[in-house]
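Residue strings, one per chain:
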Amino acid sequence: MTYSVEIRQLDLSFGAVKVLKNLDLDIHEGEFLVLLGSSGCGKSTLLNCIAGLLEVSDGQIFIKGRNVTWAEPSERGIGMVFQSYALYPQMTVRGNLSFGLKNARLPKDEIEKRVARAASILQIEPLLDRKPGALSGGQRQRVAIGRALVRDVDVFLFDEPLSNLDAKLRVDLRVELKRLHNQLQNTMIYVTHDQIEAMTLADRIAVMKGGKIMQLGSPDEIYNRPRNLYVADFIGSPSMNFLHGHLQGGQFKVDDMVMPMTGYEFAAPQVADRPAVIGIRPEHVVTGELVRNAPLQFSVDVDLVEPMGSDTLIYAKLGQHPFRIRMDGQARVRSGEVLAIGIDPSRASLFDQTTEDRL
Amino acid sequence: MADATLHAGPRGPKPKRAFSRANIFIYGTLLLVSIYYLLPLYVMIVTSLKGMPEIRMGNVFGPPMDVTFEPWVKAWSEACTGINCDGLSRGFWNSVNILIPSVILSIGIASVNGYALSNWKFKGSEVFFTILIIGAFIPYQTMLYPIVILLREIGLMGELSGLVLVHTIFGMPILTLLFRNYFASVPEELFKAARVDGAGFWRIYFQIMLPMALPIFVVAIILQVTGIWNDFLFGVIYTKPATYPMTVQLNNIVNSVQGVKEYNVNMAATLLTGLVPLIIYFASGKLFVRGIAAGAVKG
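As you go down the protein sequences, you meet chains A and B in turn.
One point on numbering: in the working numbering, the residue at position 19 of the first sequence is 19, and numbering is uninterrupted.
Counting from 1 along the second sequence, just add 1000 to a position and that's the residue number in the working numbering.
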């Protein structure tokens, strides 16, 4: 497997503040990699380093096997799409698309050919002679993508490209982006704080926090086998239920409840007894008929019910602990009721209380 | 009829009384202040259109009985300054020759400065900027004599080009501040996009930044044209009689004592000198306000 982008021991500081710390990342050819994290985690900074818009303090960056650590942004074979579109306001759409090509001194007919191709892929042909001011948000972002497209680059960089769009348009463009990736098969690196975007678009997700990658893996891995407490908490909406207790002889004990962890895949064959945290996703809790077949059965006191149409969110108490359950939209539950629930320990996650790593 | 659904009673916009107490107070004050400011201008204009016999009669506020443009012609081409008698025309052309290169040079350099200081930050650029801004607060008087020595040493003392150099330097702090703040309000992503597109320092400046900076250029041009045109101090110190700018020439005409004081000629000369800034304001007043407001809203 060839790597499209390799990042080796990257450090970046702004003054005394270390934003990226000894970061390593390999991105495969044709891969759609999403950098996911809350604001200030360094994901945009990392993208800017790859683009060459920020000078790294230490480490190296390779694109297509070539060391580009000190190369100009235009020499790296990258195209970039920004959150605010960043279209040149005084140029027409055609001018925006061809600006980079003119800078590269491409012949005129080649420029026209490439602009026409990008315009047809993105379906912006009727807009070519308009100024950005006369375009809607979605059209502007499409032009911004086109600007990266015409340059025939190896790697596309997206810096929260959908964040400025309204909700419906965001979903539409997300689908279009996925289709575009299938069509072009380019390497794409995509920064976002939106986990839905990350889950739907990514081949692999890198969850970042404090300038470090907390977990790098497929959306499925990130969702089902979070490597640590932070990732477990960050991914999923509503977020995971956490219960603090003890792991003793393969059983998780919290207060007077005992959960035998049968079927749970431990990270190591032998796990010593220790204080631990169990994480259970609200959508992995079963109710009604299914409880009978569940390995673990409890009952909870319903506190509050939030019907959301497609599903219903239940805020309940399991013993003394707040516990969220996601049921389908047809569920008729009232606050004050006692609800029987079933939990499958093989779908839960266990973490060490001190290191916060997955057990 | 649609009106039928409305209830009986008053409708339409709320009537306003033209002569309410507030209106009388506001417009009265405005009128008074305007008269206070416009009266001297009125006196100047009518006096400049009178002949000397009429002025001697002493009716300062009266309109001219006999309109004559003689004083204007005399002020422009015949008035004496004590050394020569070719009026303001020489000073006018001197001022034009000082103004045009000074404005172009100072704005050209300051805009590039501002662009570099906001987008291409280098090590020590903040220190550099701070020093430049401190320059704006040092009183001119302390620098007058050192500059005399400087100009003498490089052989530009008394030359128009020397004065152009002085104006360019003194315009630098405030203009750089103006441009830096304006360019800082341009979204950073635009600059990044241009760099990804392979544009360098000058291409980004000319093709991306310059077209977006027109309002601030208008502001800078107005500031510089009026400032340099109205300058007296630098003009009188760093030039010689042959290269005196218009303001110095005007002072010499008004203050030269040869026989009678020709008030009408003096008034005409003063109006002529003030014409250039006046035209600039009238022509670009709206753009000026828009330029200042643009920075304010975005900043």
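Errors might be hidden in some of the hints.
In silico SDA-like pairs for lysine to any residue, Cα to Cα no more than 20 Å straight-line [to be verified]:
hint	chain 1	residue 1	chain 2	residue 2
1	A	K131	B	N1255
2	B	K1123	A	V17
3	B	K1121	A	E55
4	B	K1121	A	G15
Don't read these hints as lab results, they were simulated from the structure.
Check: Is the hinted pair K1123/B and V17/A satisfied, with a Cα-Cα distance of at most 20 Å?
Finding: holds, 17 Å
Check: Can the restraint linking K1121/B and G15/A be considered satisfied, given a maximum Cα separation of 20 Å?
Finding: Distance of about 14 Å is within 20 Å: holds.
Margin query: For K1121/B and E55/A, compute the direct alpha-carbon distance and say whether it is at most 20 Å.
Written below: holds, 12 Å
Note to self: What's the verdict on K131/A and N1255/B, does the C-alpha distance respect the 20 Å limit or exceed it?
What the structure shows: Cα-Cα ~58 Å, so violated.
In this structure, the one hint that does not hold is number 1.
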